[in-house]
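Colleague: Sequence:
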Amino acid sequence: MLNTRGSHDCFSPDQGCPVSAAPLVVVTGGARGIGRVLAENWIANGARVALADLDEDQARATAAELGSDVAFGVGCDVGDDASVQAAMEQVAAWGGGIDCLVNNAGLHLMAWSRPPTEIDSAGWMSILSVNVVGLVRCARSARPWLTRSENASIINISSVSGIVPRDVYGVSKLAVRGLTTALAAELAVDGIRVNCLAPGPMDTESAMADLPSSLLEEFIANKQLIQRQGRTGDLVGPALFLASEASAFMTGETLVIGGGFPLRM
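Anchor point for the sequence shown: position 258 equals 258 in this note's numbering, and the numbering is continuous, going up by one each time.
No wet-lab data here; the hints were simulated from the structure. Keep in mind that a hint or two might mislead.
Said to hold, decoys possible - Pair by pair, the computed Cβ-Cβ distance ranges are:
id, residue 1, residue 2, range
1, Ala82, Gln227, 24 to 34 Å
2, Ala82, Ala221, 43 to 53 Å
3, His108, Ala221, 42 to 52 Å
4, Gly178, Ala93, 27 to 37 Å
Here the structure is a predicted model, which means the values were calculated and not measured. All C-beta atoms in this analysis are idealised placements derived from N, C-alpha and C, irrespective of residue type, glycine included.
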């Protein structure tokens, strides 16, 4: 097995398998929703977590709830170079390094569900700056610390919307999958693995903001093999796996957590 700086040999009760959790995990967009759920579970498995969020007050409040000894909240606008750099420096100063980066922050589905030609150039630049270039900013700023870890991992959060994209949001999430392979190729020399999770519709308030229930029900009935909405807990096992030594021979891959989408299309 690979050794990590200050590694924790942990056990994941949900998955029934040993998990060697990354000692310090940075989760962008970690103050609420999927990011918070992932953070809670990394802490439960022995890791420390930094919550980097546009809403700095909420990030700090969530960190306080999770425990100031294992969680750190910091403001971070992934659309801004200086903000990302400052956040990563604060995280590394608090935790002594960075072992895993989870690129979870992004603009939501319904606000960007329009066809490509119905969004002007400024709109395109806005979503790409956050949903795609934002991941590059975070990877670039975290790289010096990730390079020092013996089990460094980046986990990008895409979406099933990026499998067969029909709108601006889907295009941005398809780009995340392409970026994952490109980063995996670039960062392999530093021993940094880069993989991706592509979840289907999840049961978080932020992920489902403004999504009509009828549209969700139609998607599940007609597009998924598993006839239920995704739960945030469905992402926990795959995320722990990608950050652990169990996936040490895996990079550049995307795991689709979408109830069988798109096999029913």
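Colleague: Hints first: check each against the structure and report whether it holds.
Modeller: Each hint tested on the structure:
At about 46 Å, the beta-carbon gap between Ala82 and Gln227 misses the expected band of 24 to 34 Å. At roughly 46 Å, the beta carbons of Ala82 and Ala221 sit within the given window of 43 to 53 Å. Between His108 and Ala221 the Cβ separation comes to about 23 Å, which falls outside the hinted range of 42 to 52 Å. Between Gly178 and Ala93 the C-beta distance comes to about 33 Å, which sits within the given range of 27 to 37 Å.
Going down the numbered hints, you'll see the structure goes against 1 and 3, while the others check out.
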